[in-house]
Each structure stands twice: as C-alpha cells, then as structure tokens.
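Protein chains in written order, with this note's numbering: chain A, 515 to 835; chain B, 515 to 835; chain C, 1085 to 1433; chain D, 1085 to 1433.
It is worth saying that the hints were derived from the structure and are not from the lab.
Quantities reported herein were computed from a predicted structural model and do not represent experimental measurements.
Ideal Cβ positions, reconstructed from N, Cα and C, are used throughout, including at glycine.
Mixed in with the good hints, there may be bad ones.
To be verified - Chain C stretches covered by chain A per the calculated footprint, using a threshold of three residues with CB under 8 angstroms from any CB of chain A:
no., stretch
1, 1096-1102
2, 1199-1212
3, 1277-1287
4, 1333-1342
5, 1394-1405
To be verified - Straight-line Cα separation of at most 25 angstroms, PhoX-like style, residue types lysine-lysine; simulated pairs:
no., chain 1, residue 1, chain 2, residue 2
6, D, K1260, A, K557
7, B, K620, A, K795
8, B, K560, C, K1322
9, B, K620, C, K1386
10, C, K1088, C, K1368
As the list claims (entries may be wrong) - Chain C is faced by these chain D residues, among others (derived, beta-carbon under 8 angstroms):
no., residue
11, K1099
12, E1100
13, S1173
14, D1186
15, D1282
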Amino acid sequence: MPSEMMYAQAMATAITEEMTRDSNVIFYGQNLGMTDRDPLVRKFGKSRVRITPISETAEMGIAVGAAMTGLRPVVELWMSEFMLVAMGQLLNEAPRLRYMSGGQIKVPLVFKAGYGFAAGWAGQHSNCIYHTMMGIPGLKVALPSTPADAKGLMAASIRDDNPVMYLHHYMTMLGKGPVPDGDYVIPFGVADVKRPGSDVTLVATGWMVTKSLAAAETLAKEGISVEVIDPRTIAPLDVDTIVNSVKKTGRLVLVDQAPRHASVAAIIAGEVAERGFHHLKAPVKMVTALDTSIPYSEPLEKYVLPSEEKIVWAVKSVLGK
Amino acid sequence: MPSEMMYAQAMATAITEEMTRDSNVIFYGQNLGMTDRDPLVRKFGKSRVRITPISETAEMGIAVGAAMTGLRPVVELWMSEFMLVAMGQLLNEAPRLRYMSGGQIKVPLVFKAGYGFAAGWAGQHSNCIYHTMMGIPGLKVALPSTPADAKGLMAASIRDDNPVMYLHHYMTMLGKGPVPDGDYVIPFGVADVKRPGSDVTLVATGWMVTKSLAAAETLAKEGISVEVIDPRTIAPLDVDTIVNSVKKTGRLVLVDQAPRHASVAAIIAGEVAERGFHHLKAPVKMVTALDTSIPYSEPLEKYVLPSEEKIVWAVKSVLGK
Amino acid sequence: MPKKMPKNNKKALGKERLIWMYTQMLRIREFEERVKRTFVEHPGVIRGHTHLADGAEASIVGALATRNENDLAMPSYRCHGYPIVLGTSVKKMMAEIYGRKDGLCQGFGGSMHLADPAHHFPGTSGIIGQAIAHATGAALTAQVKKTGQVIYCFFGDGASKQGAFYESLNMAAVWKLPIVYILENNQYQVYTRVELEDANAAAGDPLSRKAQAFSIPGVTVDGTDPLRVYDAVEKAVKRARAGLGPSLIESKFYRFSAHGNAITVPPVPTQFPEHEAIETYGRKAEYAAARARDPILLFRKKLKSKGVLSEPAAKQIEDSVRAELEQAVQFALASPFPSPEEATKYVYA
Amino acid sequence: MPKKMPKNNKKALGKERLIWMYTQMLRIREFEERVKRTFVEHPGVIRGHTHLADGAEASIVGALATRNENDLAMPSYRCHGYPIVLGTSVKKMMAEIYGRKDGLCQGFGGSMHLADPAHHFPGTSGIIGQAIAHATGAALTAQVKKTGQVIYCFFGDGASKQGAFYESLNMAAVWKLPIVYILENNQYQVYTRVELEDANAAAGDPLSRKAQAFSIPGVTVDGTDPLRVYDAVEKAVKRARAGLGPSLIESKFYRFSAHGNAITVPPVPTQFPEHEAIETYGRKAEYAAARARDPILLFRKKLKSKGVLSEPAAKQIEDSVRAELEQAVQFALASPFPSPEEATKYVYA
Ligand SMILES: Cc1ncc(C[n+]2csc(CCOP(=O)(O)OP(=O)(O)O)c2C)c(N)n1
Ligand SMILES: Cc1ncc(C[n+]2csc(CCOP(=O)(O)OP(=O)(O)O)c2C)c(N)n1
Ligand SMILES: [Mg+2]
Ligand SMILES: [Mg+2]
C-alpha cells in the first residue's frame, strides 16, 4: 500500500526502518540528535544516533573504520561539497580497502548528502560534484529523483555491503509522491523509465528528471513523444536500458545540472557513441549547466542552469526541428 | 636551440626560470628545500623555497590565500591522490573565489602533482584522478606527456592568472626528449598532433601517448596510418582539433589510463557524439583501465591497464579488422 | 558620524577612537537588523543562506580597532560585520545581499561571499575552516613581500574542529607568520552547543587551550567588551608584527540571531527562526541572560559612565546610523538585477 | 620459540612474557632485514614502496604486549611490525610483499597494505593520517557493540600534522572512545626533520603536548625501551577500557633504515638508500648514536643482566628466528603469481 509522502520523509522513513531491522546500523552527523527529545535518539538511543563536530575527515574516516569492524554507519553530510574537504575517505579509502585486502574485509557504509541547491546558495553550496565519484571501482552512487526512489535506494544503500554515496537533491526535498509501505528496496544499476516515448530518448537524474518530464509534457502537446529515463544510480550505470531505448528512438538528449565536462551526460554520450552508434539517427545533444560557477543573483543563476525551455529546444533540434 | 633532457628536468628548469623571471613566484611542498645546500634554496632563499608538513589542506589553502594577495605559489604535492584529503581547496576554493568576488580578485597558483605510477604502488598511489578536475569552471588542468610539453606547460601554468593543476606522469619522468631553451610557453587548450595519420584518430594523454605512439608504429608496419593527438590540457580541452581529425579519418580510438567512467576518453567520446557524429564511420572505441582499483602484483596490475596490444586491437576493430 | 578610524595618539584609547568604535558597533547592528527585516518586509529578496553578526559587534570592532591601515581582515561566511568597520560601502553590501548589479560583487557572491579587496577584505569562503588556510596564506604573502601587514583571521568555535584550523596554525607557528587567529566562540555551531562537539569544552576547559598544540600563546577573552578584545588582540598583533608568529585568541560572546535564515525550497520564502537555544534546547533563561549582556548596551553604559558619550551625542549617532542604513536598503532595492548573460564573466582572469 | 603471547599472571611482567617480547622484537628485525636484503638479492621482486620497522621494535612490542586477545592494532603503511606480533604468518606476509598468490592479501595489497582481520589487524591505508580516523571508527564499533576491545592506533610524527589526526582525537575525546593513540616519533618524515615541520618540536616542546588540544592525557616515553612503552601504554589502555576515553602517547625512537626504498621508474630496480640523516643532512654522528642505542641490543643486555635471558637461550632464539624467516623467504619466492584475470575479483562485496 503506497502512502503519499515527501522525498525528505521517504529518506527518513527508510533510515528508521533499516535501523529498526538491523542494530548494526548507526546514524550520525552534524547537527542531528542534539537532545534526548530527538525522535531518532528516543527510538535508538544516543549510542546509535550521534552528533558530530564539523570534522568531515573524521566523520567519514570513522565510518570507514566502523564499517571495517562490523557496524553499518549512515553518515549525514548535508551538502555534498562539504565532503570535498575529506574526499580521500570517499574516493581513496572506503572503496579501496576491501580490494587491497584481497577480499578479506568489507566496508558497508552510506554517505548521505544533498546537492544542486539552485536557490541562491551561490558558488560553493549549489554544485553537482557527482562526476568525481564515477569511475571509482568499489564505490556505488545513488541519485534518487522521486520519493519512492528516495526510499527504495536508501534501503538498498544501507543493506549493501559496499560503500555507497547517496545523493539527494535539495530542490526535490519537499516534492510529494507515492511511496510503497514496508520493505521496499530498489536494486543498484537498474534505470527507470519515468515516461515511455518513441521519438527521442531523454536521460536525466535528480531535479533534471522533474524538468525533463515537464518538457516532455510540453512536447507531447506538439506531438513529440519523449522517453524519459532516470538511471537512478550512476555507479553502476545502466547503459543497456539507455542503448535499448536509443535502438527504438534513434535520438538521444542528455540533461544534466553539472557543467558539461563534470556531467553524467557526457559519460553516457560517450557510452552511446561506442555501444549505440549504429542506432543513432542524429548527433546526441547535451543540455548541461554553462561553464561557470553558480552565481548568487537569481537571473544569473537561472541563466547558467538547464531549463525546461532549453530541454524542449534540444529535443526539437535532434529531431531536426 | 633545443637541449636533450629528461621530463623531470624539464619541469624543474621551467620552475627555476620562472622563479628567476618573477620574484612573486614561490615554491614549496613536503620534503623539498630541507637544507641550505639545496640548489633552489641557494638560488632563491628560504623565504621563497619552503618545506611544509604533511598538511595538504593548509599547503593548498595557504597557496590560495597567498595567490589572492599577490604571490604566485607553485606547490609540490607529489602524488595527486594526496590532494584528495584537501580536494575542496582545488575544486571549491581556488577556482571559485574570483567568480564569487565578481572579478575583483585573481588566484594565480600552480598545484603540481604526479599520477599514474603503475609500478607496484597499489591501490592508493597509482590512480588517475584527473576526471575529478574536469568541468570545474575557473580551473585549468595540464597533462604534459613529453619533456618539451613538460617545460612549456609549466611555464604557461606559472604565468597564468588562474589556478592551474599541473599533473605530470610518474612513468614518463625519466624519458628524454628535445626541449627548447629559454622562454618556451605552450598555450592552454591547444592539442598537439604527436603523429599525423589518415586512417584512424587516436587521442591519448600522459603515459598513454607513449603507448599509443608505439602502437601506431606497429600498425604502420601493417599499413594502418594512425593520427595520435595529445590534448595536453584537459581543461580547457581542445575538441576542435579532435573533431577536425575525425573529419579526415572517420574513426576514433580513445586511450586512457583511468577506469572508463573516470576517463577523459568518455568525455571526448561524448563531445564527438555531439559535434563529430556526422564524420564518424564507425563507433568510437575506448581503451581504458578495467573497473578495479590498481592491484599490487605485477601480472594483476598489467592486466587492468591499457597496453600496446589492447590499443592495436582497438584500432583494428574500428577499422572492422 | 566617524567612518574612518581615527588615529590613536596616546597609549590608551582616546575618546575619538572610542566613539568611533561605538559607532561601528551600532552600524553593524543596524545593518544586520535591516538584513533581518528584509526577510519580513521583502520576502524572497534575499536568497540562499544569510548569517548575521548581531552579538559579535564588540568582538569584531575591538579586534579591528587595533589594526594598521594595510592589515587585512579574513573571516568566514558570517562576514557582514568586518567590512563595515573597514570602510566598505554599506550600500554596495546591501545591494550584494539583494543580488543586484550594484552589489559589492555585482551579485555574483551574495551574503556569504562579500569581498572588497580595495578595503583590505580579500574575500571569504562558505566552507568551514578553509578560509583559515587562506588567511594564513595572506600572512605568507605579507612575510615574503615584507609588507609589514598583519592578517586578522576570524572563525567560529565550530570551525576550530576542522582539520584546516589545526594544519594552518601549525604552519603559521613553524613559519612565524604575521597573523592573529580570533576564535569567535559564540557557543553554538548551528544547532550544536560547543560542549557537544569540542573536547576542551566537554572537559570544561577553554578553547584557547588548543594553542598548546602549536606552542603559541592562547588566551580567552570576554568578547562582549570591545576594550578587553582590543587589549588581547593588540598584544597578539604586536607579537605578529615583531616577527614572533601567531597567537590564538578565544573571544567569547553570544550570537543573538539564529544561525541563519531557515533552509527552505523555493517558492517557500525563507525566514529567520528563533535562536537554537530556545528552539532546540528550550533554554530561555540562557538566551535572556545573554541578551541582557548585549555588548552595545554594555559599551554605551561604560562610555556614558566614563563621560565619553553624552546622551545627545548617542542619539545623534543612532539617528545617523539609522539613516545611513535606510539609504542602503533603498539603494539596494532600487538597484537593477545583473543581466543574465553576464553570468559567464569572471570565470577566468 | 614462543609465538603466542603468554599470559601475565602477576602484576609485573613475568619471565615468559619478557622472553616472548624479546623474541618478537627479533622477529620484526629479522623480517625487515630479509625484506631489505631482497632488494639486493632479488632485484625487482619487491615493487612500489616498502617501509621498514627496524628501530621501532621496542615500541611496537612494548605497546602490543599490553593487549587483550581481541584488541585491534591499526597502524599506517609502515605496517610490517605489528602483524608479526599479532600472530600473522610471516610466510604469507613475505609472499604478499613479493606479490604472490599465497600472500596475505593474494598479491592485491603489497607491503603498504597488509591486512589480517583474523589476527586483529583489519588493514592499513597508505595515505597519511587517514587510518587514524579508521582506528577511531573501530573504537566506535567497540563502544557501540560493547565488545570490551581497545584499539591500538599507531602513526608517525609526520602524520600528526594531518587534519585527520586532530579531528579524530577530538571526536574520540568527546565520545570517550576506547582507543590509545601512539605517535611514533622517529624524528623524520621522509627527508624532513620534525622540528622543520612541527610547531611543538620547533619550540623545543614534546609532541605529546598536542593532547592539550583535546584535554586528554599526553605523555612522552622512551620508545627504545619496551618496558617503558609497556607501562605508559598499559595505563592508557586501562583508562580506555574503563570508558574514560583516549590518551596520546608519544614514543620516541629512531628509524634505522631510510624512509623507504628509493623511488625509481621501471625498469630501473629500486634499492634502499642511506638514511636521510646522513644522505640529506650529513649527520653521521646522530645516526651512529641512534644505532648505538639499538633497542634490541639494549633489551638483550637488560634481560641478561636481570638473569632472564641466558646466552644459550639467546642464541637459540636467534637461530630459530633466522630459520623461520629463511623459510618465509623461500616460501614467498616459490609461491606463484596470481593469475591476471583474478584482478577483477574483490572490487565489490
Ligand atoms: C566543511 C563544512 N561542513 C559543514 C558546513 C555547514 N556549516 C555552515 S556554518 C556551520 C556552523 C559553523 O559554526 P561556527 O564555526 O561556530 O561559526 P558560527 O556560525 O557560530 O559563527 C556549519 C556546520 C560547511 N559550510 N562546511
Ligand atoms: C596525504 C599524504 N601526503 C603525503 C604522503 C607521502 N608520504 C608517505 S609516508 C610520508 C612520511 C610520513 O612520516 P611519519 O608520519 O613521520 O611516519 P614514518 O614514515 O616516519 O613512520 C609521506 C609524506 C602520503 N602518503 N599521504
Ligand atoms: Mg559558533
Ligand atoms: Mg616519522
């Protein structure tokens, strides 16, 4: 029985459910569980729900060590850019230790962070840095776009025996949608067709899914049928579903909130150039952020980010319209 | 008059020449300039040549602050993975401060680090992490493959008014080649055709250029003419030169030491899927590292990295052979 | 109303300088009040995240009153207070916070990233601890170029738990850089009380004890009294200028507003919540006690009792500050937005 | 030859335990001698970067002699010494360093990344400071799961300048985690003498003073004497086990070999250079003095003078250690390489 709930709530539900299911799951981060009145503290106690200083290297490194020795930490890191001060733990510790040990240990942990807060947070708080986490063997990366995916991927992340980067989008936090009750786990590496279509394949993640679906709706009114695919996890990345869709449509538009060379869009374009080339009837088209940092002022910020209009234009352009 | 010198020497020469030219250039890092007998200390003094603790965040952050206020720091960071503990300074401070200030300040600095040491350094010291530095507006990234490029790009990096990541390849350090004497500055964003050819375009950086040239030589004996292009800088990335070559050859092989989704190869493939699609006669082909961390033992390490044989095979495959 | 800092001729702080200090404290307070009122009076005009300096006035002004003309101030994202003291235009500051073309950074930076290098304010970072390293780098420039400058580096109690703090102070100590580290202990980092996250505080020790890790002087000072802050910082500045290296000063005061405006997703407009002491911990008495020790009230009282400030003079300063900031708000509201295409400027120098 | 640590029944260290300690010190030394000889006798067999523990024997053994059966040891990349004491097979260790199939990590890790979780050695990181956080996380597991374990976290003087050190110790102190931090001050980080990069050392203070930043106990101990190390660590372990939180112990000794094998590009084979004291600084006397205080010689002398160790017993131990390591080298040399396709194993659990 699905309930209607907000994206933020869906994540919290999954964390609570997993903590109930498995006493090895702990949850900590800055500015959470301050007092005994905190609901999670009340439910799970101060040993399993902890507040941390502004010490990302220790927060993340402690999670690695705790995961190596039998816990399953979930770390709230707030904004993904904050992790940049401790990127070694994400890219060069958590995903490498098992491999270097010849498979003797595992490092099951979840780093949770938001991203892409395009609401006047300016140059250092609004970025998409997921490209830094791709191509890191041993690391999985989830990018849910809907409340249901938010829950299902959080459950999957916590149950996974590997380090997982769970990135939620700030602009979708208050969005509502149906979320399955109880055990609901979405496998990694399985893209979701958010809207079926036949003329053009469109791939997007996070908030860009919302924008792309709006664009698809607009285009439908003009008789253009767009298939919107959300990879949901970018490591592993479900290239097959994308290539199969291109086989059908022959055209591919990629929408990404990051600047072009920091985008999943470019990676997918590259994959399709290799694996889907013969199906393509037109060049792929990428709609990404412009090559600037994110400016503070609203008109500037709007200008550099992908918009529904730019997406509509791109879809038409691959159709030669 | 070019002199024959080693890659390592070419970098050092450029640093010495630039420090001589401009007294605002300073040079520091771990384990350098320990004593008064050190040649750079002797030449430039202990104020401009400094030894640092193992404090990458401070080393890099101090460079940012020094650059904001009038110096041009060059920081020796040794292995690029060491920077991961301080990645915020590279990705979220140095390249953003000018933009956020509305152009009031500039941050001219060079972070120098080696990478890709495929010589038994195992899981945390042998990686290619340049993909993390792409798509970061405000940041330039140089990846010289020859002694001449090593010198010319170092001079360009130090003279540039922006933060520059200068990545040298450990496996090419002892390689010799002709290096122009005196002022020699290679502009950013200009690819170099390392070997002209007509049948297939091959793009590679760093040590992969060496391997690709060897493969091209082998293929030449079989009558296959390969054009080897080295972008030399990946931010900015000279896509035009690559697309123009593909216009001529119709075929593209991309060689990269990083795992597939952490590669420049995938980014270039994406760009060509958009901008060079109509010139392509066959799917692009990427030769990258396998999706593993780098293992210690030699047969394992060899297995996961691109090799001359894999490159030869890829070139033949895009030719349908 | 004195804007430029009057010179100190005698050993003690002269009347002019004291009045100047008081005025700057008022200007900071009024600026922040107007920023805060903007959320109510003009919802949506200020975007993102804004952090106020009310409560910090004595600490900021006491510290900066010790500086020489060319010394630099380098704080964190909670950055409104300092440039006001350095002589930056409050009009341009307000316009920046409103995202306008006439803003200090032409709308590119916003509240967290004010920058005015012409007024010895090179710019700030929104990422905790990182600017401590930047300030240390500015001190390196001063040392290498022998400019005689001292760098004033400000950061929070929370920031002192970031590796950057520790690494920077160690390097500054080894290199004897001309810098003074001012740890503004307002006892909260967002919702977190300092004893929940700081080992010194948890043990009942002052945070200035961290100075021991670098074998440098570390003192704790009452940050609600600008004169005590002045004394402590002056000593540290002298040490720095003499080439003896950095000091750590813990300045204790209380932040009066919530950490920042509440975080919401557009189109829900942002507002300022209650202070965390009340909202999270229910510590109403703590908050009331802190407000009773408002540094502006205390300093006004002291100046009056010393005969430095008369009632009419106080009134006149208040009026002129109020008028100045009213103008700033009007200027900012009237300023146009930058045109969108300008967004691609300033990426590269 | 006693491999498993004998129990301590009395308050003082008994004879059996002392002999065991001495034996472990010898085993570490002989292991490192054989690793080092490999560079000469079998050039190219060891790849990458290898760091030796000769000089650290007393510190390692003195510390680990205090442990309970389930306590974990978590050091850095200079990791050969500890697992030897914990009971890891030296054959498998040598085979790992030789990159062989029978290696401890099947050739995936090499010298810097030995791991043997079955023997309380979860694994190491080659990136400075990062493993201090991992060890702290292991202590969190012990606390949350109430295992009663204490974590022994080892790292170098150089590593104590990495933000991870500072952040980890603060969190361990606030959370009162069961962990003992052992700062192995061998006075060098690669080429750099500690007073060139550490503010405490530059001021002539001990590095244990850093403990003040966390309001935890900090002591400095002579790391060439296993009994002094034992005493200091035992006290800290008791404190940790009692739930009172971490301690910082600075153990001072001298590394006898160069930092690691020289860095070259293949096919030029790697070798061990001279110690940096001589090669970089020309301090021959310093090096000679340190060698004269070889912890193994000192401890042997002490045990003999106390009547704990007889000459024939010493000879017998030496012979058996030598034979054991000769076997390890032969085992490693005879072990096959892993087959290439195995490289894709172990990426994901
Ligand atoms: C690396 C990093 N982690 C987390 C944050 C989020 N954050 C912004 S302000 C802040 C609190 C800082 O507290 P403090 O240093 O005491 O300064 P105050 O706000 O009290 O002036 C936090 C945690 C950040 N900006 N950067
Ligand atoms: C973050 C990082 N920076 C630099 C290095 C390179 N490095 C490896 S070992 C080492 C010296 C460490 O010295 P110390 O901590 O004193 O340990 P010791 O080698 O003396 O045992 C350095 C700088 C690294 N591995 N990681
Ligand atoms: Mg605070
Ligand atoms: Mg050392």
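Hints breached by this structure
Result: hints 1, 4, 5, 7, 9, 10, 11, 12, 13 and 14 break, sorted rising.
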